[in-house]
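Chains A and B are the protein sequences, given in the same order. My numbering puts the first residue of the first sequence at 1, with every later residue one more than the last. My numbering puts the first residue of the second sequence at 1, with every later residue one more than the last.
For the record, the hints were derived by calculation from the structure and aren't laboratory data. Watch out, some of these pointers could steer you wrong.
Reference listing, derived: stretches of chain A covered by chain B, where coverage requires no fewer than 3 residues with Cβ under 8 Å from a Cβ of chain B [said to hold, decoys possible]: (1) 3–14; (2) 83–92; (3) 96–109; (4) 176–190; (5) 218–230; (6) 303–317.
In this text, a Cβ means the ideal position worked out from N, Cα and C, and glycines have one as well.
Residue-level listing of the chains:
Number of protein chains: 2
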Amino acid sequence: MRVDDLSTPALLVDADAFSANVARMAAQRPGGMLRPHVKAFKSTALAAELVAAGHDTFCGATARELLGMAAAGLGDDLLLANELVDPRRLQALAACGARVSVAVDSAATVAAAAAAGIREVLVDVAVGMPRCGCPPGAAGRLAELARRAGLEVRGVMGYEGHLMTAPAAEKAAAVEAAMARLLEAHDSVGGDIVSGGGTGTYATNQWVTELQAGSYTLMDTHYAAAGLPFRHALSLLCTVISVDPRGRWAVCDAGLKALGMDHGDPTLTGFEVLFCSDEHTTFAAHDGARLPKVGDRLRMLPAHVDPTVAYHESMHVIGPDDDIIDTWAVDLRGW
Amino acid sequence: MRVDDLSTPALLVDADAFSANVARMAAQRPGGMLRPHVKAFKSTALAAELVAAGHDTFCGATARELLGMAAAGLGDDLLLANELVDPRRLQALAACGARVSVAVDSAATVAAAAAAGIREVLVDVAVGMPRCGCPPGAAGRLAELARRAGLEVRGVMGYEGHLMTAPAAEKAAAVEAAMARLLEAHDSVGGDIVSGGGTGTYATNQWVTELQAGSYTLMDTHYAAAGLPFRHALSLLCTVISVDPRGRWAVCDAGLKALGMDHGDPTLTGFEVLFCSDEHTTFAAHDGARLPKVGDRLRMLPAHVDPTVAYHESMHVIGPDDDIIDTWAVDLRGW
């Protein structure tokens, strides 16, 4: 089967670009120095490729991501890099058969984890982004609370999400300052793990013992604009379904229900995207260029990989001649 | 089972608001004067409620929406209100056992429909929105082309999508002008059907024989801001998972993978949404107000119903005492 045989919209993964991305990261962060974040791709089939590249610890943002990884036998060491107080989901994680650690940042999250039978936690520390995480100065007391509740405290985590696409000139110093907060917390918490970072700070963050990154595998235009060396492996195949007879625009069959829109419009190389509707993208030709015709296939680059993948049931892995090498189920969707 | 028993994030449908919305529209557009658009809710269970309210014709934006409706026995008269050139999907529609009409706006779409065994079409006419549709002056020739290809031409459709949330003072005249283009096309095309409109023009558009509306059933803040009388039936239940100890913000467990973001942030009544991340929304209290505590449940109002529902597997229908009356599968997702 070939790309031309696919119905659209459909996600494509360029096998060569994907492999290059995985190899580049594995060279920088081999084995357990990377804890791949499955939230970016939500696919156990893709995760299995990362295992083959030497990574056997993973993190996720939802219970379903971790339960799916455990069920697929990819659960040597799974981290819920998020707070969770739902007893049913915490109990499912505790009973899934894999080694599961969860993040805690409050007495309430510690109590919920302990009550559900979770055995290991990381203390989540606020390092500058207004989201989860306790203040560095409170981390030691929280670790103590967790230990008294019978939990093993493996260390700390902190996500410098506000710095992922910071200008290069400022990034190093800003990441160092954020990680100083995490290391301050680690001094009082103890444990082997200092977990943090992401695709945008993969080369900058020298302070974590393990990097939480997932987007690098597939990439998007938001991360590419930050000058990262990873290649666009993910694209959205679409079909032109209508062309304005006066040549002002054309319309393809992939819209905002096939794309994450929080980082803006997708990119259609060679054309100018005018706007996305539910199931359409309207685009214009650059000056002097010709519009495609009805039935032509185009490939869009998503602005944000995570919410784009979450709309799809599968990703098709394509080789250099547009043959379909594999189809990866997006089997970790939902919560 | 009650709302408190649900894991989050979860979509809730207020049964009373939903029924009121359905009744209000059915009073304005009874029976076949409304062709409910399933793209807004992607659920055969919800569609069955509309059948019970007297509507037995439907439209959709994707082949899967229509094939699912046909399989559920809700296929008295289904319209693909979109252009499609995929032979496999057109053949599936032609063979699904239901009466299926498709929109055409070019020689290529006519040829694709005829080749696949589609029997009935509407000519899609551009009425002012830069998307699909042929010019009004070309509609007659296109109808002739379709009839020569053996297709029955049932009439015309045109979507004044650019006017859905136009200011009230301008809407009536603008919709009339758009529909003048559609009626001009209809004069040369013939057939019984003049299809168009949507939730935003349900009371304004007096020119169509059938209105294509779906969002009115569930509603969102974008449509509500336009002053429509439909109630918020849809909300997103979430759980507070982290609260800043200094009281500057709190974080819940529903983010941009549980919400369509193209119309902006969701609304959290009583609080100020600061930003959404993949699986979180960070929000602040209004001056002097108190933040909730970890474990508290809140309900967010989505900015755009269609792409929000498309992220979820189900919607829970709730009664006046927060009891769960029914759970509707979102079974028409994908393409």
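Against the structure, the hints come out as follows:
For a cut-off of 8 Å, the count of residues in the stretch 3–14 of chain A with a CB near a CB of chain B stands at 3, and the three-residue condition holds. A count of 6 residues in the stretch 83–92 of chain A with a Cβ less than 8 Å from any Cβ of chain B is obtained; the coverage claim is therefore met, three being the minimum. For the stretch 96–109 of chain A, the stated coverage by chain B holds: 4 residues have a C-beta nearer than 8 Å to a C-beta of that chain, and at least 3 were required. Residues of the stretch 176–190 of chain A lying with their CB closer than 8 Å to a CB of chain B number 0, which falls below the three-residue condition for coverage.
Three residues within the 8 Å Cβ limit are the bar, and the stretch 218–230 of chain A against chain B gives 0, so the coverage statement is violated. Residues of the stretch 303–317 of chain A with a Cβ under 8 Å from some Cβ of chain B number 6, which satisfies the need for three, so the listed coverage holds.
When the structure is compared with the earlier hints, violations turn up for hints 4 and 5 and for no others.
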